[in-house]
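Student: Go ahead and model the full structure; you've got the sequences and the hints to work with.
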Amino acid sequence: MNDNKINSANAILNAVWLYGEKIATMSMQLLINVVIAREFGPSDYGLFNMLLAFVALFAPFIALGLNAIVTRELLTKPELEGKIIGTVLFLRAFGMLIGSAAILVLGSWLVDSIQPHLLFVFILLLGNSFSVFLVLDHWLQSRMESKFAATIRTISLALFGAGKIVVAIWHQDLFLLFVIQALEWIFVGVCFFGVYLKRRKSSQFLGIDLGYGFGLLKESVWLIFSGIAAVIYLKIDQIMLGSMVGQEEVGVYSVAVKLSEIWYFFPIALAASFFPKLIKDKKTNPIMYEKMLQGLIDLVFVFSLIVVTFTLAFSWFFVPFIFGAEYQRSASLLNIQIWACCFVFMRAITSKWLIAESMVKFSLLSQGTGAILNVVLNLYLIPLYQAEGAAWATLLSYFFASYLCFWIFPSTRTVALKMTLAVVGIFRMKDFYYQLKKLR
Numbered sequence: 001m002n003d004n005k006i007n008s009a010n011a012i013l014n015a016v017w018l019y020g021e022k023i024a025t026m027s028m029q030l031l032i033n034v035v036i037a038r039e040f041g042p043s044d045y046g047l048f049n050m051l052l053a054f055v056a057l058f059a060p061f062i063a064l065g066l067n068a069i070v071t072r073e074l075l076t077k078p079e080l081e082g083k084i085i086g087t088v089l090f091l092r093a094f095g096m097l098i099g100s101a102a103i104l105v106l107g108s109w110l111v112d113s114i115q116p117h118l119l120f121v122f123i124l125l126l127g128n129s130f131s132v133f134l135v136l137d138h139w140l141q142s143r144m145e146s147k148f149a150a151t152i153r154t155i156s157l158a159l160f161g162a163g164k165i166v167v168a169i170w171h172q173d174l175f176l177l178f179v180i181q182a183l184e185w186i187f188v189g190v191c192f193f194g195v196y197l198k199r200r201k202s203s204q205f206l207g208i209d210l211g212y213g214f215g216l217l218k219e220s221v222w223l224i225f226s227g228i229a230a231v232i233y234l235k236i237d238q239i240m241l242g243s244m245v246g247q248e249e250v251g252v253y254s255v256a257v258k259l260s261e262i263w264y265f266f267p268i269a270l271a272a273s274f275f276p277k278l279i280k281d282k283k284t285n286p287i288m289y290e291k292m293l294q295g296l297i298d299l300v301f302v303f304s305l306i307v308v309t310f311t312l313a314f315s316w317f318f319v320p321f322i323f324g325a326e327y328q329r330s331a332s333l334l335n336i337q338i339w340a341c342c343f344v345f346m347r348a349i350t351s352k353w354l355i356a357e358s359m360v361k362f363s364l365l366s367q368g369t370g371a372i373l374n375v376v377l378n379l380y381l382i383p384l385y386q387a388e389g390a391a392w393a394t395l396l397s398y399f400f401a402s403y404l405c406f407w408i409f410p411s412t413r414t415v416a417l418k419m420t421l422a423v424v425g426i427f428r429m430k431d432f433y434y435q436l437k438k439l440r
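Using the numbering used here, you'd call the opening residue of the sequence shown number 1 and step up by one each time.
A hint or two may mislead.
[Said to hold, decoys possible] Derived pair list, reagent style PhoX-like, types lysine-lysine, alpha-carbon separation capped at 20 Å:
hint	residue 1	residue 2
1	147	201
2	77	291
3	77	361
4	198	83
5	218	147
6	77	282
Treat the hints as calculated values from the structure; they're not laboratory data.
Tutor: What follows is the structure in structure tokens.
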């Protein structure tokens, strides 16, 4: 892509498509989860979410830490597009096989709460195997063409979400619910591959270069383990809660998780949209690079405060009103978890900064310590406070992994300071508005 296309205006337009998709999908996801939660009840809804969380543990084996690296490679080496895409697809397929085997072994022998439901796990694994094609989402991002990804996800959610609602209302059959979830993932993967075949350059043919692939893996090894650590501290709470307390507690807790995590896409989309611009400015305009980085962190932190304020003000009413009286406790759990947005939002920008600065090992160090802390806190707090303990464990581990640990290492204190400046932004609002104006 020409450099003149990699500018703030295109990044903002790209983000608008992603945000437009998210607003539409948030509304549909909320409706789908409300219907499933109300019709199936906390126990079956808890089982559904526990198994989704369990299967999500193998997602890093598919991604292999290559997502942002692929975007960078496509931007800097467009003439190698076919080799880059073909090689990464091969690597992700290999990782998928290893991850699937690991999950089945783990579920069969080590996690007692999963063993009775291995058929459901297998169905989910089969559908999730098509996520190898989601690398093409990053190909679209590198071309500032996220509108195609947004369209695919919106259509798939509407189509298969309608199927889940039908099953929930008229059948209440968990087997059908898992099958529809798997088919949704298959549909998305096939559509991404179809868009790639249609829009790629005619001169670019998919190729596999194992030497080049091993080079990418060597660079991404820190990100692979970081991804594993991130998934652990994002999902392990639901698995541990189900094993230590029960499925019904997971169901109540999952409502709070869904309502808090539904916002996480916004900073991720912003970071993905501006990543090409950040890479370009780092090479050509270091001053603008630093200003834009601070501006993005400021922006996502302010938005996180808006989300937190709205949630604290209205959760006591809208959670039981929408989901039903059985989920009354979910409101108090949500009021704990929602504070994690402040750190997760800034972490989305920080993760791109680590890649731009070639310091991905710190991604593993932060995510890894966060995962360990989360498991330890869950082991201590869940027996004492059940779902409330899991919520506090999640919040504290996010605070440490996404903010506090960056003060520990001299190399990352620069971004820790930027996050702190965002937190105390009320004292520097004039500078914040200047940064916001520059982003426009």
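Student: Decide, hint by hint, whether the structure agrees.
Tutor: Status of each hint after checking the structure:
For a cut-off of 20 Å, the pair hint linking residue 147 to residue 201 stands: about 18 Å separates their Cα positions. Taken as a hint, the residue 77 and residue 291 pair is broken in the structure, with Cα atoms around 27 Å apart against an allowance of 20 Å. Between residue 77 and residue 361 the CA atoms are separated by roughly 24 Å; this puts the pair beyond 20 Å, and the hint is violated. Our distance criterion of 20 Å between C-alpha atoms is met by residue 198 and residue 83, whose separation comes to about 17 Å.
Between residue 218 and residue 147 the alpha-carbon distance is near 32 Å, which puts this suggested pair outside the 20 Å criterion. Between residue 77 and residue 282 the CA atoms are separated by roughly 17 Å; this keeps the pair inside 20 Å, and the hint holds.
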